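Asker: Given chain A, work out where chain B should sit, using these hints.
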Amino acid sequence: MFTYTVRRILSLIPVLFGMTIIVFAIIHAIPGNPAQVILGQRATQESIALVTKELGLDRPWYIQYFDYINKLLHGDLGTSLRTRGPINEEIWPFLAATFELTLVAMIIAIVIGVNAGIISAWFSKSWFDYFAMLLALIGVSMPIFWLGLMMQWGFANELGLFPTTGRENVRDPVTAITNLYLIDTLIQGRFDQFATVVKHLVLPSFALATIPMAIIARMTRATMLEVMKSDYIRTARAKGLRMFWVVYKHSLKNAVIPVLTVIGLQTGLLLGGAILTETIFGWPGIGRYLYDAILYRDYPVIQSGILIIAAIFVLINLIVDLLYVFVDPRIKYTK
Amino acid sequence: MRKKTFKLLLISLLAISMFLVGCNSKTNEKAGSNDNNNESTPKKDTLVYGRGGDSTSLDPISTTEGETFKVTENIFETLLEYGDQDTTVNPGLAEKWTVSDDGLSYTFNLRQGVKFHDGTDFNAEAVVFNFDRWMNGNADSFPYYSMFGGYKGEEGHVIKEVKAVDDYTVQFVLTRPQAPFLKNLAMSPFGIASPTAVEKYGDKFRENPVGTGPFKFVEWKQNDTITLEKNPDYWQEGLPKLNKVIFRVIPENTARLNSLTNGEIDIMDGLNNSDEATVLGNDKLQIIERPSMNVGYLGLTTTRKPFDNKLVRQAINHAIDKKSIIDAFYGGKADPAVNPMPSSIEGYNDAIEPYPYDLDKAKALLKEAGYEKGFEIDLWAMPVARPYMPEAQKVAEVIQESLSQIGVKANIQSVEWATYLDKAAKGEFDMFMLGWTGDNGDPDNFLYTLLDKDSIGSNNYSQYSNDELHDVLIQAQTETEQAKRNDLYKKAQEIIHDDAPWVPLVHSTPLLAAAKDVANYLPHPTGSEALTKVEFK
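These protein sequences, in sequence, are chains A and B. Residue numbers for the first sequence, in our numbering: 1 to 335. Residue numbers for the second sequence, in our numbering: 1001 to 1537.
For reference, chain A alone in the conformation it holds in the complex (with noise of 0.2 Å):
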C-alpha cells in the first residue's frame, strides 16, 4: 500500500511534466499577441514590438519554455503579463474561492444524489423513483447560465432569501487569513460574517451542484439495483434487519465504488469547469481568474492554472483509488 501510493505519486511527475509542454504549444499556437491586448486598442505598431521584447516574447519558444520550466523547478509559478504581479501569490486567494465553492457543492452534490438514488433504486418504480430520476435527467441538460440567473431572479430578487453575487457582504468585509471565509469568519470569532458567507454560498453552490447531483444519483441508483438483486440482500432482509441498516450497511457499501469513482471525476471537473458559475455569481475563482489569462493572452497565468488545476485533478484521482482500499477490502494494491 505504501510503496503503491509513492510509486502513483512518483509517477505523477511525467504526467505533469507532459502537461506543461502541451499546454505550452496550445497556448502558444493560439494567435493573438499578448502584447497588443495589454495595450489595447490605443497600441502602436512600434509599441507592440518593444511590449513584446520586454515581455520577452520574441525570444525563440524553445528558450522562452526552459525559462518557464526552470522557474517551475525552483517553486517560481511567473510573473503575470497583465498585473505584473508574482502568480505564487495571485493565485492562492482564487484557488481557495473555487475550492470552498466546490467543496460545499459537491458535498450538496453526495448528501443528495446518493440519498436519491438510494431511494429511488428502494422504491425502484415508484413514483418517486420516476420524479427523482426526470430531475436528474433535467439536472444534466440545464444550462447553468440559464440556471442561475433564473436562482437569481427568483430566490434573490423575488423572494429575497439570498445575495445574488459575490462571497461576502462587500460592506462589512471579511478578514481574510486562509481565504476560506468560512473557515477565516469561525477563526475570527464572526458568526454573524459566516452566516453572510453561507448564505453567499447557497445559490452558487446549489448551481454548480446541479450537474453531479443529477449523475450521482442516476449512477447510484444503477449501481444500488444491481446489489440489492444479490443473495446476501435478500438474506438480510429476510433476517428482518431493519431497512436502514439494510440499506446504508449492507448495499451501499457494495453500491459505492462506481459512484466513488464518478464523484472522484465530477470533483475534478467542477475544479476547472467552474468558469460559468464564478461569472454568473461574481465568485471570484480560479476558473475567472484562468478565463480572463486566456482574454489577455497571459501566457503565464494560463500555463500555471492548468498546471495547477492538472495537479488536482490527478491528485484527485489518487485519492479516489486509494479509497477504493477502504470501501473494498478485496481491492488490494500489493505490487
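Careful: at least some of the hints might be erroneous.
[Claimed, not checked] Below, a sample of chain A positions facing chain B; criterion: calculated Cβ distance under 8 Å:
| hint | residue |
| --- | --- |
| 1 | Q36 |
| 2 | G40 |
| 3 | Q41 |
| 4 | V51 |
| 5 | E54 |
| 6 | T79 |
| 7 | R84 |
| 8 | P86 |
| 9 | N88 |
| 10 | I177 |
| 11 | Q193 |
| 12 | Y289 |
[As the list claims (entries may be wrong)] 20 Å max Cα-Cα, derived EDC-like pairs, lysine to aspartate or glutamate:
| hint | chain 1 | residue 1 | chain 2 | residue 2 |
| --- | --- | --- | --- | --- |
| 13 | B | K1310 | B | E1353 |
| 14 | A | K249 | A | E226 |
| 15 | B | K1426 | A | E46 |
| 16 | B | K1152 | A | E54 |
| 17 | A | K53 | B | E1353 |
| 18 | B | K1230 | A | D76 |
| 19 | B | K1426 | A | D76 |
| 20 | B | K1163 | B | D1132 |
| 21 | A | K53 | B | D1422 |
| 22 | B | K1394 | B | E1368 |
| 23 | B | K1409 | B | D1422 |
| 24 | B | K1284 | A | E158 |
| 25 | B | K1204 | A | D321 |
| 26 | B | K1204 | A | D58 |
| 27 | B | K1516 | A | D76 |
| 28 | B | K1323 | B | D1360 |
| 29 | B | K1244 | A | D172 |
| 30 | B | K1453 | A | E46 |
| 31 | B | K1423 | A | D58 |
| 32 | B | K1204 | A | D76 |
| 33 | B | K1152 | A | E46 |
| 34 | A | K53 | B | D1360 |
| 35 | A | K53 | B | D1203 |
| 36 | B | K1453 | B | D1499 |
| 37 | B | K1423 | A | E46 |
| 38 | A | K229 | A | E90 |
| 39 | B | K1044 | A | D172 |
| 40 | B | K1204 | A | E89 |
Simulated from the structure, these hints should not be mistaken for laboratory data. None of the values given here were measured: they were computed from a predicted structure. Idealized CB from N, CA, C, for every residue including glycine.
Answerer: Quick look at chain B alone, frame taken from chain A:
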C-alpha cells in the same frame, strides 16, 4: 477499523450537510428584508459600484484600460480637469496657467496647501518628479505617455523640459506646439502621484496608489473588490460626500442588474439597452445616461478588393439603414453617425450631408464600379459588447440582409477578441465592425488616431491612406488658433466622407442604472469620473 472510518466519513458528511441546511433555514426566515438592510444599513454613506471587469493596475499611467481609470480618478488628480460632463479644460491641481505666444511654454500656478494621502506636500517638485518618471519610461511601462509624441530622447517627443520655477509654479517647455496639450494634461493617466510613495513602493506602486484625490486607497481583493475611503484632508471644503466607495466586479450584465435590484450594489455600469425597460419599471431604480463620445462603425479595408474602389465603398454607405439598427438594438438611444467623430466635439462638420439610405443609388454605384452582379465578402462581427456596439452579431445580421439586396453576399465571421484586434490591425478583414471611445474630446483623437496613414498597423484598421488628409491632420496638430484648427478638421471630414473608408454607424449613449436614492452622479463622456459629489438622498 476500515468500516469505522467509512461510517465516520458518512456520518460527518451528513452532519455537515445538516449543519449547512440548518444555517440556511435559520437565516431564511428573516433574510428577505434583513439581508437587504444588513447590506446597506450602517448609515448610507458607502457606495458600491458594480462593474464588469477588474482593474489591471492602480497606477493610472501604467495602463490604457478603462476599468482602471474608474477607480484611479478618485485617488489621483491631474493638473487640469475636464468639465463635469464635457471635455472643456478647467483648473485642477493647477489653479491658473499662461501660454507663451509661440505656444512653446506653459506656466502653471499650483494650488497651495494640498497634501498627498501619505501626508507629504503637493508642490512643483512633485509635478516635475512625475513627468520625469514618465518621460524616462517607455510604451511598456507608461503607454499613455505617448500622447506627448513619444519619450525622452525620441524625435517626436513634445515636452523638452519640465521645471519648477518656485515651490508652486511649474513651467513646461515644448519642442513644438501641440494643440491638444492642455486637453492631454487633463486625462486620467496623468494623475499626479506622491513622489515619496512612488520611491517607497517601487514596482508595487501599482497596488499601493497614493495621490491627492477625494478618496484614499484601502484594499484590493483581485477580481472582486477595490475599497476606497474618504480623504479627510481633501482640499475641497465639504467634499467628498461619501465615506467609502467599493468597486465590485460582477462580469455578467444581467447578474449585475440582479445584484442592483437586490440592493447589493448601488450603481452599475454597462446596462444592456434591452434592460432599460426593466429598470424603468422598477420604482426603486433609476437610469443614468452617459454623454456620448464614441463612434461605432463598419470598416471597409481599402487595400482589399473590391473595397479598393471608392465607388463600391460609397455604394455600401448607401445600402445601410442606420435608423432601423438604432431602433432595434440601441433602444433608440443613439444618433446615426455621419462623420467619424460625434457632433459634441469641436470642429465637427455639420455641413456634410449623410449618404441617404437608397438601394437604387447603391446598385447604380456598384454598376458604375463594374460590380453589376455583386460580389461575395466576409463580414467580421465583434465577439464582445462595447458601449458603441452592444450586440454586434445581431447588427451584422441586419447589415448582411441589407447588403444582400444590392447583390452583395456577406458571410458573417467572428473570432475571439484578442485575435480580432490582431487580425484587424493587420488588415486581414474585408469588412468589419469596430468602434472607439474618445480619450480627451479632441478631434485629433478621432481623425488622426483612426484614419491617418500614420495609424495604419494600429488603429487605422481600414488601412486607409490619403496624403492630402495626412497633410491637413498634421497641420491641425500644431495649429494653436482654435478657429483655424476647426476649419482644418472640417476639411478633413469632407475628404473622409468622400473617400468613405467606413460606414459610420452610430454614436451611442451608454447607460448606467442606480438605486433611486443615489444623487449627483455625473457620468463623464470619457467613461470615468470621480465620485466626489455623489451622495445618498
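Asker: Hint by hint, work out which the structure violates, then give me just those numbers in ascending order.
Answerer: Result: hints 6, 8, 9, 10, 11, 17, 18, 19, 22, 23, 25, 26, 27, 34 and 38 break, sorted rising.
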